[in-house]
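Residue numbers (my numbering), protein chains in the order written: chain A, 1 to 328; chain B, 1 to 305.
Heads up, a few of these hints could be off.
Chain A side only, calculated, beta carbon under 8 Å to chain B, not exhaustive [to be verified]:
| id | residue |
| --- | --- |
| 1 | 11 |
| 2 | 12 |
| 3 | 38 |
| 4 | 128 |
| 5 | 141 |
| 6 | 305 |
Counterexamples of contact, computed for chain A against chain B with all Cβ distances above 10 Å [to be verified]:
| id | residue |
| --- | --- |
| 7 | 29 |
| 8 | 75 |
| 9 | 144 |
| 10 | 167 |
| 11 | 190 |
| 12 | 215 |
| 13 | 269 |
| 14 | 302 |
| 15 | 319 |
Honestly, the hints are just simulated from the structure, not real lab data. Small disclaimer: the values here were computed from a predicted structure and weren't measured. Virtual Cβ for every residue (Gly too), placed ideally from N, Cα, C.
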Amino acid sequence: MTALSMRTSLPLLRLHQAATWALALPPAYLGVALLLAAAALTRPNLLSPMLLLLIMRQAAPLGLAAMGQSLVMRCRSLDLSAGGVVAMVSFLLTSGVLPLSAPLAIGAGLAIGAAVGAVNGWMIVRLRASSVIVTLSVSMILSGLVIAWSQFRSAGDAPELLRAFGLARVGGVPLPPILWLALLVPVGLFLKATAFGRSMDAVGANPRAAALSGLPHLRVLFLAHVASGLLSAAGGLLLLAFVGVGNVTLGNDLALNALAAAILGGINFGNGRGGMAGPAVAAFMLVFLFNFLTSLGLGEAGRLMLQGAIIGLAALAYALRHRGLNPT
Amino acid sequence: MTPARTGLTRYTVGLPLLIALLLALSAADFRQPQNLLNFGGQVAALLIASLGQMCVTLVAGIDLSVGAVMSLASGLLVLQSDPVLAVAMALAMGAAVGVVNGLGVAVAGVHPLVMTLSTATFLQGLCHMVLPMPGGQVPPPLVAAANGDAAGVPLSFVWCAAAVVALGALTTRTRFGLHLFAVGSQPRSAYLNGVRVRAVTVTAYVLCSVMASVAGIFLAARVATGDPNLGTSFPLETVAAVALGGVQLTGGVGSVAGVVAGTLSLGLLTNGLNVFGISPFLRGVLTGALLLAAVSVQRRRHVGL
């Protein structure tokens, strides 16, 4: 392979190197590039800075949830409770059951997210229950409670402060994506530079070896779940800020989209390839894809089919590329 | 089959018995023959789909596309007036979906959650294209086959029994069944011992989708019409039924008897809520609490997924 490319000309070699490098990246990068190119050809007005910023704003909740999902996936766990967390947070903030001022209510929403994450983590770590089942059940319980309660108490408007936050701009850039980036960069650096981040990678790579070498592997997993719950709640608050009115179905597809974003961003169970940037790019890619498909005027059926096909093909291409030599 | 492999414990078997006992003692309506007949019909589709989900779970997979397959099967049924052709089309669709899922997971190595989620999204779109609105007419012979009775036994019971016997024989009496457990518990050892791991995995996914298609046909035939959202709740419910039945999502542990017990627990819970007139919205809460309780008493060695 190398001998062959040595004989070809230098530009071709560079091209080959670039192609190999691009294919080794998480599928989200290539996906964004292809989508932007497709949009430039067919719907150039989607690429105007104003619309791109709006899409960034729309992607922020998914970006936060995908961040949490990628943390637990690095530790070989999974968090599917985002739907229930968002439903609960939105109910508590809009129905008036919490007689708190807006900043306190928002804090309470975040605390509930962290508490749900802690319950998830405790059941997974202490009771050794399967994370898929625990987080699914917790999500079912939370959304069921919200539906049952909202028969007696209809959802109202979100706090004014939250709605203002969703619309606010700093120098023309909406605040939610700024918040997203402001969380993304420190968390990414924290995981790269600290012992906690290293032990997270070690736990993901081989939980047994991590436990045998004395790493606090259960605590790492627990904290990842707390962080994921907190980030889901933050994503829910942003969704609520955009919609303005409480709604039980607000976060219905958040958990599964966050899972898709984490995987398209290069995170796989037990490996953090793609880091923190991968899932963020993938979240943008998914939301851009939804907008692009809507702008093509395909209707619900065509939109769902293309969405499924694109996510599936991206995951297939990436998996085939990284399959390695495992015969089974 | 040792308990370590079937996943049957006193909790998995005791739970449906306990719920049934509580209901029989406390609610007179529950003991009515009509209610028991309704119960059989309600639970049949879930049982058939859950048995399929079990095959995938045994090889450490999970299939979230069962709901979309069921909806699409109902859509295909109302397109056809010939019942044989309609059933053949629905089953062929199921098999094709299973092949795609299986190849994606076993050959390409995509995580089953992502692979089946993307096929589910695609199929749901296709289903909206085939059948945008609930409606249409399922061929009458199929409606009769789902709702009628033979010699006093409702046909829904017959279909359930057939599915249980078929899957029971497949998992415990055949070489393929043994391979399912081998691949699920340790794929590398299975491979080194000459088990064709990829073929077994693909077959498990095909079985799951075909069973889902059968469940969709049954459910559509029971209500005699098609519905693009027929199976929406089934991916989670089948996983819940399988987990309540002691099947481990990490693979290699499970049994048909456990799945029957898990399905009965879920079905009895729904039925009990109806009988007592409790808000159906609390059903998710109770199901979730039941699942949490069930997994909490079955401590595993494995932490995480």
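Outcome of the hint check:
1. The restraint placing residue 11 of chain A at the interface with chain B is violated, with a minimum CB-CB distance near 33 Å, outside the 8 Å limit.
2. A hinted interface residue such as residue 12 of chain A counts as satisfied when its beta carbon comes closer than 8 Å to some beta carbon of chain B; here the least separation is about 29 Å, so the hint is violated.
3. Because the smallest distance between the Cβ of residue 38 of chain A and any Cβ of chain B comes to about 19 Å, over 8 Å, the interface hint for this residue is violated.
4. Using the Cβ-Cβ criterion of 8 Å, the hint placing residue 128 of chain A at the interface with chain B is satisfied: the shortest such distance is roughly 5 Å.
5. The beta carbon of residue 141 of chain A comes within 4 Å of a beta carbon in chain B, closer than 8 Å, and the hint placing it at the interface holds.
6. A distance limit of 8 Å between C-beta atoms decides the matter here; for residue 305 of chain A the minimum to chain B is near 3 Å, and the interface restraint holds.
7. Every beta carbon of chain B lies more than 10 Å from that of residue 29 of chain A, the smallest distance being close to 17 Å; the non-interface claim holds.
8. The Cβ of residue 75 of chain A sits about 7 Å from the closest Cβ of chain B, inside the 10 Å cut-off, so the non-interface label is violated.
9. With a closest Cβ-Cβ approach of about 3 Å to chain B, residue 144 of chain A is found to fall inside the 10 Å limit, against its non-interface label.
10. Annotated as non-interface, residue 167 of chain A keeps its C-beta farther than 10 Å from every C-beta of chain B; the closest such distance is 31 Å.
11. For residue 190 of chain A, the requirement that its beta carbon stay farther than 10 Å from each beta carbon of chain B is met, with the minimum near 22 Å.
12. Remark: the non-interface label on residue 215 of chain A is consistent with the geometry, its nearest Cβ contact in chain B lying 13 Å away (cut-off 10 Å).
13. The Cβ of residue 269 of chain A sits about 7 Å from the closest Cβ of chain B, inside the 10 Å cut-off, so the non-interface label is violated.
14. Not every beta carbon of chain B lies more than 10 Å from that of residue 302 of chain A, the smallest distance being close to 7 Å; the non-interface claim is violated.
15. Non-interface call for residue 319 of chain A relative to chain B: violated, since the shortest CB-CB distance, roughly 4 Å, does not exceed 10 Å.
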